[in-house]
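Asks: Throw the hints in and build the complete structure from the sequences for me.
Number of protein chains: 2
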Amino acid sequence: MPKPAKHVFVCVQSRPPGHPRGSCGEKGCADVYNTFLNEFQSRNLWGRFSLTNTGCLGPCNLGPSVLVYPEGVMYAGVKPADVAALIEEHLLLNQPVERLRAPAAVWG
Amino acid sequence: MPKPAKHVFVCVQSRPPGHPRGSCGEKGCADVYNTFLNEFQSRNLWGRFSLTNTGCLGPCNLGPSVLVYPEGVMYAGVKPADVAALIEEHLLLNQPVERLRAPAAVWG
Chain R
21 MPKPAKHVFV CVQSRPPGHP RGSCGEKGCA DVYNTFLNEF QSRNLWGRFS
71 LTNTGCLGPC NLGPSVLVYP EGVMYAGVKP ADVAALIEEH LLLNQPVERL
121 RAPAAVWG
Chain B
21 MPKPAKHVFV CVQSRPPGHP RGSCGEKGCA DVYNTFLNEF QSRNLWGRFS
71 LTNTGCLGPC NLGPSVLVYP EGVMYAGVKP ADVAALIEEH LLLNQPVERL
121 RAPAAVWG
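Those protein sequence lines, which keep their order, are chains R and B.
Using our numbering, you'd call the opening residue of the first sequence number 21 and step up by one each time.
Using our numbering, you'd call the opening residue of the second sequence number 21 and step up by one each time.
Same chains, same label: a pair holds when it works inside one copy or across any pair of copies.
Result set (SDA-like, lysine to any residue): computed pairs, CA atoms no more than 25 Å apart in a straight line: (1) K47 - P37; (2) K47 - L120; (3) K23 - P123; (4) K23 - E108; (5) K99 - G45; (6) K47 - F60.
Because the hints were derived from the structure by calculation, they are not lab data.
Replies: Given below as structure tokens:
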């Protein structure tokens, strides 16, 4: 496997109902991760790009969280419908999707 | 949480005994991750650096795998005793630990 041009990390952390931190799990991160998996497969992105599920990335209350390296861009509140834009703009055109970025107070 | 100067990703993937890909789990990645956690705590590294557990990072047969961004340096066969060097050399001095790097054929 070559070193990828971009590496997408998707939080898949779950916590018990009522946990004070909440979690990306309760906010639908599994659907986001699965959408990325399907898009990577259908667009044949493996090799140029990598995709990894993770534990907690930090901003649980604003999840689902998606983090893209090497730029270190944190996205907040990502929905399955946002995945195509993240792939087409950030991964393929190297243009981070500003409307989805986490606030600077969270990751700045 | 500020954007970290370095972000350490530690594979904690397990697979059933006998699975053809093996896993970092069977090679002791939990001890590696826990050692990182303890070192982050005792050296007060939170804030400057981030640490995240992950699913599969790819080179399962050479695990435990540790990946550090933004450089995108993949380390292979990491043992708990290697964690101090990774912190002191790569995180604090910005000098990747060459002896622990995954072969270029794996991540190059």
